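Novice: Work the whole structure out from these sequences, hints included.
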Amino acid sequence: MGSVRVLVGTRKGAFILRSDGNRRSWSVDGPFFAGWEMYHLHGSPADPDRIYASQSSSWFGQQIQRSNDGGKTWEAVDNSFAYKGVPGTHQWYDGTPHPWEFKRVWHLEPSAKDPDTVYAGVEDAALFQSRDGGRSWEELEGLRGHGSGDHWMPGAGGMCLHTILLDPSDDKRMFVAISAAGAFRTDDAGKTWRPINKGLHSEYIPDPKAEVGHCVHRLAMHASRPNVLFMQKHWDVMRSDDSGDTWHEVSGNLPTDFGFAIDVHAHEPETIYVVPIKSDSEHFPPDGQLRVWRSRSGGHEWEALTNGLPQSNCYVNVLRDAMAVDKMDSCGVYFGTTGGQVYASADSGDTWSAIVRDLPPVLSVEVQTLP
Amino acid sequence: MIRVVLPAHLKMHANVNGEVTLVIDGPVTPSSVLDALEQAYPMLRGAIRDHETKRRRAFLRFFACQQDFSHTPADGPLPDAVATGAQPFLIVGALAGG
Numbered sequence: 000m001g002s003v004r005v006l007v008g009t010r011k012g013a014f015i016l017r018s019d020g021n022r023r024s025w026s027v028d029g030p031f032f033a034g035w036e037m038y039h040l041h042g043s044p045a046d047p048d049r050i051y052a053s054q055s056s057s058w059f060g061q062q063i064q065r066s067n068d069g070g071k072t073w074e075a076v077d078n079s080f081a082y083k084g085v086p087g088t089h090q091w092y093d094g095t096p097h098p099w100e101f102k103r104v105w106h107l108e109p110s111a112k113d114p115d116t117v118y119a120g121v122e123d124a125a126l127f128q129s130r131d132g133g134r135s136w137e138e139l140e141g142l143r144g145h146g147s148g149d150h151w152m153p154g155a156g157g158m159c160l161h162t163i164l165l166d167p168s169d170d171k172r173m174f175v176a177i178s179a180a181g182a183f184r185t186d187d188a189g190k191t192w193r194p195i196n197k198g199l200h201s202e203y204i205p206d207p208k209a210e211v212g213h214c215v216h217r218l219a220m221h222a223s224r225p226n227v228l229f230m231q232k233h234w235d236v237m238r239s240d241d242s243g244d245t246w247h248e249v250s251g252n253l254p255t256d257f258g259f260a261i262d263v264h265a266h267e268p269e270t271i272y273v274v275p276i277k278s279d280s281e282h283f284p285p286d287g288q289l290r291v292w293r294s295r296s297g298g299h300e301w302e303a304l305t306n307g308l309p310q311s312n313c314y315v316n317v318l319r320d321a322m323a324v325d326k327m328d329s330c331g332v333y334f335g336t337t338g339g340q341v342y343a344s345a346d347s348g349d350t351w352s353a354i355v356r357d358l359p360p361v362l363s364v365e366v367q368t369l370p
Numbered sequence: 000m001i002r003v004v005l006p007a008h009l010k011m012h013a014n015v016n017g018e019v020t021l022v023i024d025g026p027v028t029p030s031s032v033l034d035a036l037e038q039a040y041p042m043l044r045g046a047i048r049d050h051e052t053k054r055r056r057a058f059l060r061f062f063a064c065q066q067d068f069s070h071t072p073a074d075g076p077l078p079d080a081v082a083t084g085a086q087p088f089l090i091v092g093a094l095a096g097g
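Chains as they are written, first to last, in numbering that gives the first Met the number 0: chain A, 0 to 370; chain B, 0 to 97.
Be aware that one or more of the hints could be misleading.
Straight line, CA to CA, 20 Å or less: simulated DMTMM-like cross-link-like pairs of lysine to aspartate or glutamate [what the hints assert, rightly or not]: (1) A/Lys171 to A/Asp131; (2) A/Lys102 to B/Asp67; (3) A/Lys190 to A/Glu269; (4) A/Lys83 to A/Asp19; (5) B/Lys10 to A/Glu100; (6) A/Lys83 to B/Glu51; (7) B/Lys53 to A/Glu140; (8) B/Lys53 to A/Asp328; (9) B/Lys10 to A/Asp131; (10) A/Lys102 to B/Asp49; (11) A/Lys71 to A/Asp19; (12) A/Lys83 to B/Asp49.
Between beta-carbon pairs, the in silico distance windows are [as the list claims (entries may be wrong)]: (13) B/Glu51 to A/Ser168: 37 to 47 Å; (14) A/Asp170 to B/Ala85: 51 to 61 Å; (15) B/His50 to A/Ser2: 38 to 48 Å; (16) A/Gly87 to B/Met11: 33 to 43 Å; (17) B/Ala85 to A/Thr72: 48 to 58 Å; (18) A/Thr72 to B/Glu51: 24 to 34 Å; (19) A/Asp149 to B/Ala85: 24 to 34 Å; (20) B/Arg54 to A/Gly84: 47 to 57 Å; (21) A/Ser329 to B/Glu18: 22 to 32 Å; (22) A/Thr95 to B/Thr83: 49 to 59 Å.
These are calculated hints, taken from the structure and not from any lab test.
The structure presented is a predicted model; accordingly, all values stated were derived computationally and were not measured.
Cβ coordinates follow ideal geometry from the N, Cα and C atoms, glycine included.
Specialist: Below is the structure:
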């Protein structure tokens, strides 16, 4: 039957939720690293017992934790993230130059093939790689240095590299997204990069169709069809059918096309999920109704999923890394809220229940499907 | 023997309870205390001072003998009471946050 492990990062620690294949009852372990901001935890597809965790604090900086036993025990590995060369400047909120400085790791993406290879997306935006299980880190400087880096500027949450997608069909291709800069692709394992933002339209930047500067909140991909990408942008849900070369909007009948999280069903590459939020200043669901919206046609047509979700007086947010799916036969969908609930559906979103509630605000949710 | 008191988050991170004790050969300064601390507890590297510049992290303070050593030179001597272990060297998180 297999089992499921849900890795939850919160503002004040990490939690690991476990269930069998039925996904009806759950155990809750944690908090791990109590009091620390846990931006992201991610298990290695190549070794499910290997989990990486980003542990952060405004006081004590960044730590990277690693578990080799499925989260039972942890060890601190290397936390030295040094930009290559002279870091220079990027734009600040007011448009002036601002020195590049490392703040934290937002996202960890382990290799599908090698448990010791893992990528880290950091703030200020850059991509780092470790080939020794997190014991040392090296910047893939071609991204930051490709030419537009000095024009990148932070969004409200900082200038973070928050999405890393590894193409399962091509070891040399990967995609990243940077808040308020846009999406980028490499076809040579990170040596060179190019912006992939054609078709994006953002009224809040001087040139709404600029090559960079679009506030991309999240990218998603289905493993069976890596040339098709989905994007939740600051405003607009977008789709690309050519590996990001061009994008078109698929917001369709969504009540609002603003949001953070987006993900793809594990077995249906045309089934996608978003959680619309009212606006960029009101980061809560419209009308206080927490609804996941599902499209079974790859966008345009959307249905509200409400069964088991609060439909009144709910003013939580779902952050960009806080939604994930499992790979069980009936796909499970999971998301965490800033109100501290983790909701799960074991039937592709038809019905939902809170599998834990009253956690600190949830920053990230990842799922491991175990044999 | 030098005594060092860590803030709660770093005690958890270093997996220690109570004070940390260190042996230092040579002058006892903020820099030599932190060198010895990071040698004994490598996971604390980068948590108290920057990896490269060795500059104290902005929200941390160094106190000892009811004095503030946060802004004294890193190689300046600490009081004899710290060097002899009579008084601890306190690493304190600034009082702010949530």
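Novice: May I ask which of the numbered hints given earlier this structure violates, with the numbers listed in increasing order?
Specialist: Hint check: 2, 3, 4, 5, 7, 8, 9, 17, 19, 20 and 21 fail, others pass.
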